[in-house]
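As you go down the protein sequences, you meet chains A and B in turn.
Residue 155 in the numbering used here is what sits at position 155 of the first sequence, and the numbering runs on without skipping anything.
Residue 95 in the numbering used here is what sits at position 95 of the second sequence, and the numbering runs on without skipping anything.
If you're looking for bench data, these hints aren't it; they were derived computationally from the structure.
Computed from a prediction, not measured in an experiment: that's the story for all the values here.
Even for Gly, the Cβ is constructed at its ideal location relative to N, Cα and C.
Misleading hints may appear alongside valid ones.
To give an idea of the chain A side of the interface with chain B (calculated C-beta under 7 Å), a few residues [claimed, not checked]: (1) G119; (2) K174; (3) K185.
Pairs of lysine to aspartate or glutamate residues, derived as EDC-like cross-links and limited to a Cα-Cα distance of at most 16 Å, are as follows [as the list claims (entries may be wrong)]: (4) K22(A) / E129(B); (5) K92(A) / E126(B); (6) K172(A) / E68(B); (7) K58(B) / E303(B); (8) K181(A) / E140(B); (9) K172(A) / D69(B); (10) K174(A) / E66(B); (11) K99(B) / D69(B); (12) K180(A) / D69(B); (13) K163(A) / D314(B); (14) K117(A) / E234(B); (15) K174(A) / D69(B); (16) K131(B) / E187(A); (17) K128(A) / D69(B); (18) K174(A) / E68(B); (19) K181(A) / E144(B); (20) K180(A) / E140(B).
In case you want the letters, here they are:
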Amino acid sequence: MKEQKGIQREGRLTLDFIDEMKQIPGGEQIALCIQCGTCSGSCPTSHLMTHTPRRLIAMTRAGMRKEVLESPDIWLCTSCYYCYVRCPRGIKVTDLMYAYKRLSARDKFGIQKRGYKLGKIFMSVVNKYGRNNELELLAKFFGFANPIGGIKNTFIGLGLFLKGRLPLKTHKIKDLGGFKKIVNKAEELARLP
Amino acid sequence: MNSHCEPGIGRSNPPQEIASSLKAPRNDTKHMEYTYYPGCSLHSSAPAYEKSSQAVMKAIGAKLNELEDWNCCGATAYMSIKELTAFSISARNLALAKKQAPNHDVVAPCSGCFVGLTKANKYINEFPEIKEKVNVALAEAGLEYDGSVKVRHLLDIIVNDFGVDKIKAMVKRPLTGLKVACYYGCQIIRPKTPLDDPEEPKHLEELIAALGATPTHYPMKANCCGGSIMGTEENIGMMLSRNVLDCAAKYGAECLVCPCPLCQMNLDAYQKPINRKFKKDINLPILYFTQLIGLALGLPPKELGFGSELVSADDIVRRFS
Ligand code: SF4
Ligand code: SF4
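Same shape as in the complex, but just chain B:
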């Protein structure tokens, strides 16, 4: 039993209204242009994230230029076996980004890519030995990298560059009454967060509230879903994902939104096996935050990739379109 997640037990319930922690957004939103790094998942197992990200960015007038000939960021798996190679292949992406558009930030919608590329950047800047070796490796392909490209997560762009207030002003179909569990997972907020706090972030809730929906407070919003351990130690992965799902459901969420394709995969595709294994009856559609933004902005659900989730979100789509 995970009694730490019963409503009213454990961490205290913060007040329902969310104090704003947002910085003033950038003024020049007319010129929002970024180098887009989709990462492997968005081109395979997470088409809904790709579609909804593109649709929402277009709707808010931001331009995404896909990074030409990008490669895998290395993810946690590569990092676990060979570090310098992992940094070097991440640096290939950053070197290409620098060449393609020196002044544009790189935006990664996948939290795994975000952390992989950010970590490479950090080590290249902090350790001269790594910078030198990475550049010797890059030179083999005629590239060089000085560590100067900024890597950002899509959620960071939407809340900090565009701004929640502007999103709010654009809402056409408010998601009134929809109880949404905002799930951050790990890599978008730790080790270093572009949002407000590495353990109690609020930005996603602020965004979801701006869409007219009701963010559900639940204590496990920043806990781990298991990540890639789902593939290697399935029992442990399922237990960790169960904790999150069970907690969100107990606190009354009708759906859960996340900013990462791996979290979505674990919580969505494994929900049925988790119900079977732990004798649960959880039925929680797992969506990308961009899908809900799109719905509230009145974009057609088909353009937002609805229908590819394994736990159906049809009811929600019907309610708000």
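Chain A extracted, bound-state conformation:
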């Protein structure tokens, strides 16, 4: 008999993906989902997603780890928390989306995604100064990750600059040493990303 297209063979699934998600603080709620679709219906970007938040949860429970974590859709979450406040089962859907992003980043599924690149660059800037530096963030992000976007954005950047809204001065926090120690220790202690 021919294997049907689109149907997943058990061998290709990661059946303990749901257990992995349950490990994440708040992730244990994933078992409560009744697949009502309220989250997807409330989501401002779900109409652009292949796998909407509801479907990502179904896929997680089915063990489709790779498909979930390499999906560009998880990076379309804007963190608007509509799904979170509306879910009739009290599931913190936004936090699940964050967890997907983090797993995807750690396991290198998402490293080509712009959302990941922005996060990574943001982290490096914050770790360097203790604060964000918008100019450096923009330069690094648009310069290296997305040169075409950078050219378009220089017009906006210039407008902001002329209005004094992109200061050239970098501000470092005083106890940068202590701050870095906290960051390093937290990274070392993290059981999960």
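Let chain A serve as the given structure and place chain B with the ligands on it in line with the hints.
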């Protein structure tokens, strides 16, 4: 076409007069003192918010003591890659706040910071494992944090601690006739709101009405402007911001006020590109709610940071000063 935002279509128009949903304000407004957490944006891309917040708080007699040596809250970007580190750096701020003034609430004018710090607090209090690890990390810098500092948004302080009625009594130049779209965005009202409702909040409208202005009812006041997705998926970000701008303009707003520097950036700096991309003709100055309070209280516009918006608000300033 976003026909869901035509006046008269979609969600019903609530009655124009706003039923009050405010709690009685605190009585001891004489002693309003807070630990002020400006966050990165207020010190760079949002000087108007910083200036107007300081000026208004001073005018209403509240004292803001800036948190000594504060660091970035981590924002949504950090949270998307490393959770425990994000909580730990937020906790550094809260630990410092506790040391600086154990009984003062922390006030954050940026909705992103507000949610970042609040979330760290919530997870530290709810998950003992996180609390323990965060404290091990903090100990590296000689700090500790028990999860007890209260984090609040500036709008919450103004409407709930000081009170809209008191603001109303202080108005010197009522903003009569000014049609204002009150935009909440997401993070100030969701996941947990210090205001009245996570989807249909009214506090900002009540405040704006107290200034003598007319809050414009429009259905998208609590929808998403795109947030940081504007940087990564510009087309999607511009579409989301367009929906909000277009809706506010169609319902007759002359300007829009918001309580968040990221919303202001998206709606203001991207307004021109949005007009170009979607063949629109929107001209909506995007202001901070504190700027309008300041204007109505008769504070000099220069002290309120007017002039740094990309869509000029000169007409409004001229009308009311
Ligand atoms: S709203 Fe909640 S219960 Fe409904 S599909 Fe989404 S996560 Fe599941
Ligand atoms: S928080 Fe993310 S997943 Fe949830 S509704 Fe908003 S954009 Fe969609």
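Here's how the hints hold up against the structure:
For G119(A), the interface hint holds, the least distance from its beta-carbon to any beta-carbon of chain B being 4 Å, beneath 7 Å. With its C-beta approaching chain B no nearer than about 5 Å, K174(A) sits inside the 7 Å limit, and its interface hint holds. Residue-level restraint check for K185(A) holds (minimum Cβ-Cβ distance to chain B is 4 Å; threshold 7 Å). Among the hinted pairs, K22(A) with E129(B) is consistent with the structure: their alpha-carbon atoms are about 15 Å apart, no more than 16 Å.
Between K92(A) and E126(B) the CA atoms are separated by roughly 14 Å; this keeps the pair inside 16 Å, and the hint holds. For the hint pairing K172(A) with E68(B), the CA-to-CA distance comes to about 13 Å; that is within 16 Å, so the pair holds. Using a Cα cut-off of 16 Å, the hinted pair K58(B) and E303(B) holds, with the two alpha carbons roughly 12 Å apart. Simply put, K181(A) and E140(B) have alpha-carbon atoms about 6 Å apart, close enough for the 16 Å limit, and the pair holds.
Taking the CA atoms of K172(A) and D69(B), the gap is about 9 Å. The hint holds against a cut of 16 Å. As the CA atoms of K174(A) and E66(B) are separated by approximately 14 Å, the hinted pair is consistent with the 16 Å bound. Taking the CA atoms of K99(B) and D69(B), the gap is near 12 Å; set against the 16 Å cutoff, the hint holds. Distance restraint check for K180(A) and D69(B): the Cα-Cα separation of roughly 14 Å lies within the 16 Å cut-off, and the hinted pair is therefore satisfied.
The suggested pairing of K163(A) with D314(B) holds, with an alpha-carbon distance near 14 Å, which does not exceed 16 Å. Between K117(A) and E234(B) the alpha-carbon distance is near 14 Å, which keeps this suggested pair within the 16 Å criterion. Between K174(A) and D69(B) the alpha-carbon distance is near 6 Å, which keeps this suggested pair within the 16 Å criterion. Distance check on the hinted pair: K131(B) and E187(A) sit about 15 Å apart at the alpha-carbon level, within 16 Å; holds.
A threshold of 16 Å between alpha carbons decides the hint, and for K128(A) with D69(B) the separation of about 15 Å falls inside it, so the pair holds. A threshold of 16 Å between alpha carbons decides the hint, and for K174(A) with E68(B) the separation of about 9 Å falls inside it, so the pair holds. Taking the CA atoms of K181(A) and E144(B), the gap is near 14 Å; set against the 16 Å cutoff, the hint holds. Distance hint between K180(A) and E140(B) is fulfilled; the C-alpha atoms sit about 9 Å from each other, no more than 16 Å.
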